[in-house]
Structures are given as structure tokens and as C-alpha cells.
Amino acid sequence: MEKTLNVQGMSCGHCKMSVEGALNKLDGVSAAEVNLEAGTVDVTFDESKVNEDAMKEAIEEQGYDVA
Numbered sequence: 001m002e003k004t005l006n007v008q009g010m011s012c013g014h015c016k017m018s019v020e021g022a023l024n025k026l027d028g029v030s031a032a033e034v035n036l037e038a039g040t041v042d043v044t045f046d047e048s049k050v051n052e053d054a055m056k057e058a059i060e061e062q063g064y065d066v067a
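Numbering (full-length UniProt numbering), first residue to last: 1 to 67.
FYI, nobody ran anything at the bench for these hints, they're computed from the structure. Since the structure is predicted, the reported quantities are computational estimates derived from the model, not experimental observations. For glycine and all other residues, C-beta sits at the position ideal for the given N, C-alpha and C. Mixed in with the good hints there might be a few duds.
[Claimed, not checked] What follows is a set of in silico ranges between Cβ atoms, one per label pair, in the way DEER data are often shown:
{"id": "1", "residue 1": "Gly21", "residue 2": "Lys49", "range": "28 to 36 Å"}
{"id": "2", "residue 1": "Ala31", "residue 2": "Asp53", "range": "26 to 34 Å"}
{"id": "3", "residue 1": "Lys3", "residue 2": "Glu61", "range": "13 to 21 Å"}
[To be verified] List time: in silico DSSO-like cross-link candidates among lysine-lysine, alpha-carbon distance up to 27 Å:
{"id": "4", "residue 1": "Lys49", "residue 2": "Lys16"}
{"id": "5", "residue 1": "Lys56", "residue 2": "Lys3"}
{"id": "6", "residue 1": "Lys3", "residue 2": "Lys16"}
{"id": "7", "residue 1": "Lys16", "residue 2": "Lys56"}
{"id": "8", "residue 1": "Lys49", "residue 2": "Lys25"}
{"id": "9", "residue 1": "Lys3", "residue 2": "Lys49"}
{"id": "10", "residue 1": "Lys25", "residue 2": "Lys3"}
{"id": "11", "residue 1": "Lys25", "residue 2": "Lys56"}
The whole structure should be built from the sequences, with the hints applied where relevant.
Written out as C-alpha cells, the structure reads:
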């Protein structure tokens, strides 16, 4: 399944790596791609292993807000 999350506060390559890294550590996430200009992250995941709340929590733990 694919989902696009709106993430506020990302502005640089470090932000991109932090968010993608946090999501890719979650069991069930197969891909995470940040678009800094749009302020979004496209996540490809197995919904039987991970849910949107867990993904939001992982992003928020890195210091960013999920809209």
C-alpha cells in the first residue's frame, strides 16, 4: 500500500535522511521518499505489519510534525 504524509519542518538533506531513515527502520515499510519542496513523504508499506499511527510516531520522534 502507498500513502503520502504531509510533514512540516523538513528543509534540508539531513531532514530528508532523518525521516526516511526512521520510516525505513519500521517493520513493514519497504520504501520512503521525501519530497522537500512539497513537504511530503511517500511511504510504501505492508498494512498488515505497520499502520499510519506508527509511521507518524516515527516521524514525530525525529522532531517533525505530521499534518
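Hint check results:
{"no.": "1", "hint": "Gly21 - Lys49: 28 to 36 Å", "result": "violated (18 Å)"}
{"no.": "2", "hint": "Ala31 - Asp53: 26 to 34 Å", "result": "violated (19 Å)"}
{"no.": "3", "hint": "Lys3 - Glu61: 13 to 21 Å", "result": "holds (18 Å)"}
{"no.": "4", "hint": "Lys49 - Lys16", "result": "holds (23 Å)"}
{"no.": "5", "hint": "Lys56 - Lys3", "result": "holds (12 Å)"}
{"no.": "6", "hint": "Lys3 - Lys16", "result": "holds (17 Å)"}
{"no.": "7", "hint": "Lys16 - Lys56", "result": "holds (15 Å)"}
{"no.": "8", "hint": "Lys49 - Lys25", "result": "holds (12 Å)"}
{"no.": "9", "hint": "Lys3 - Lys49", "result": "holds (14 Å)"}
{"no.": "10", "hint": "Lys25 - Lys3", "result": "holds (17 Å)"}
{"no.": "11", "hint": "Lys25 - Lys56", "result": "holds (13 Å)"}
In this structure, the hints that do not hold are numbers 1, 2, in rising order.
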